[in-house]
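Colleague: Residue numbers (the numbering used here), protein chains in the order written: chain A, 1 to 116; chain B, 1 to 113.
Check before you lean on any hint, since a few could be wrong.
[Claimed, not checked] Computed from the model, here is a short list of chain A residues facing chain B with C-beta under 7 Å:
| hint | residue |
| --- | --- |
| 1 | 28 |
| 2 | 44 |
| 3 | 107 |
| 4 | 108 |
| 5 | 109 |
Derived from the structure by calculation, the hints contain no laboratory data.
Backbone N, C-alpha and C fix where the C-beta goes; we use that ideal spot for every residue, glycine too.
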Amino acid sequence: GAVVSQHPSRVICKSGTSVKIECRSLDFQATTMFWYRQFPKQSLMLMATSNEGSKATYEQGVEKDKFLINHASLTLSTLTVTSAHPEDSSFYICSAADRGGSTEAFFGQGTRLTVV
Amino acid sequence: DAKTTQPTSMDCAEGRAANLPCNHSTISGNEYVYWYRQIHSQGPQYIIHGLKNNETNEMASLIITEDRKSSTLILPHATLRDTAVYYCIVRVGQYNYGQNFVFGPGTRLSVLP
């Protein structure tokens, strides 16, 4: 089946620094990728939708200047958390939609970000 | 997309069938029922989906009522590894071009030894 690889799986960074998370579709082309955030004991919340070659669409309440999304190719999208603060500590998950069409969404394994 | 309602949590004995209900009383004719699960600290995993017919695969069975207002996910022989949060999601269209999945709180299933 289709695989979405997310890297890194865990990262600890200091407050004020930036962290980049990569999301790759390994065996299919992803026209669209989604970025979710999940706080402890809560459900996944959509942060933004990125389309290859165009600007990402952010959900209400998500700061686009803080969460930079780049989707430069059909197999790679990146999320950069800029000037990270402890409240940005969360589980970040990406999902990809197969350009060829599929019946299910493919999710990465998630990235646990801890800002100290 | 229509809203779903699931119990907050359920327990199931190992080796027994786990039956997870989902209510989606406002479902539209072109909306599918999807089930995903999320094991702790992992990304969601697809389980099964259907429109109006019952569906079965190697992981589970999906039973959708005739009026489509509710469904049940059945794990026939639950194991400890099935302990996870199970999400029932209703969404338009079978193909997900540019369409995200909206996750509710889900049901936390605990399989007990």
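Colleague: Is the hint on residue 28 of chain A kept, meaning its closest Cβ partner in chain B is under 7 Å away?
Modeller: Nearest chain B Cβ about 12 Å off; hint violated.
Colleague: Just to be careful: measuring from the Cβ of residue 109 of chain A to every Cβ in chain B, is the smallest value less than 7 Å?
Modeller: 5 Å, holds
Colleague: Hey, does the residue 44 of chain A contact hint survive, CB to chain B under 7 Å?
Modeller: This hint holds: residue 44 of chain A lies near chain B, its Cβ roughly 4 Å from the closest one there, short of 7 Å.
Colleague: Taking the least C-beta to C-beta distance, is residue 107 of chain A closer than 7 Å to chain B?
Modeller: 4 Å, holds
Colleague: Can residue 108 of chain A be said to touch chain B, with a Cβ gap under 7 Å?
Modeller: Check passed: Cβ of residue 108 of chain A comes within 5 Å of chain B, closer than 7 Å.
Hint 1 from the list above is the single one not met by this structure.
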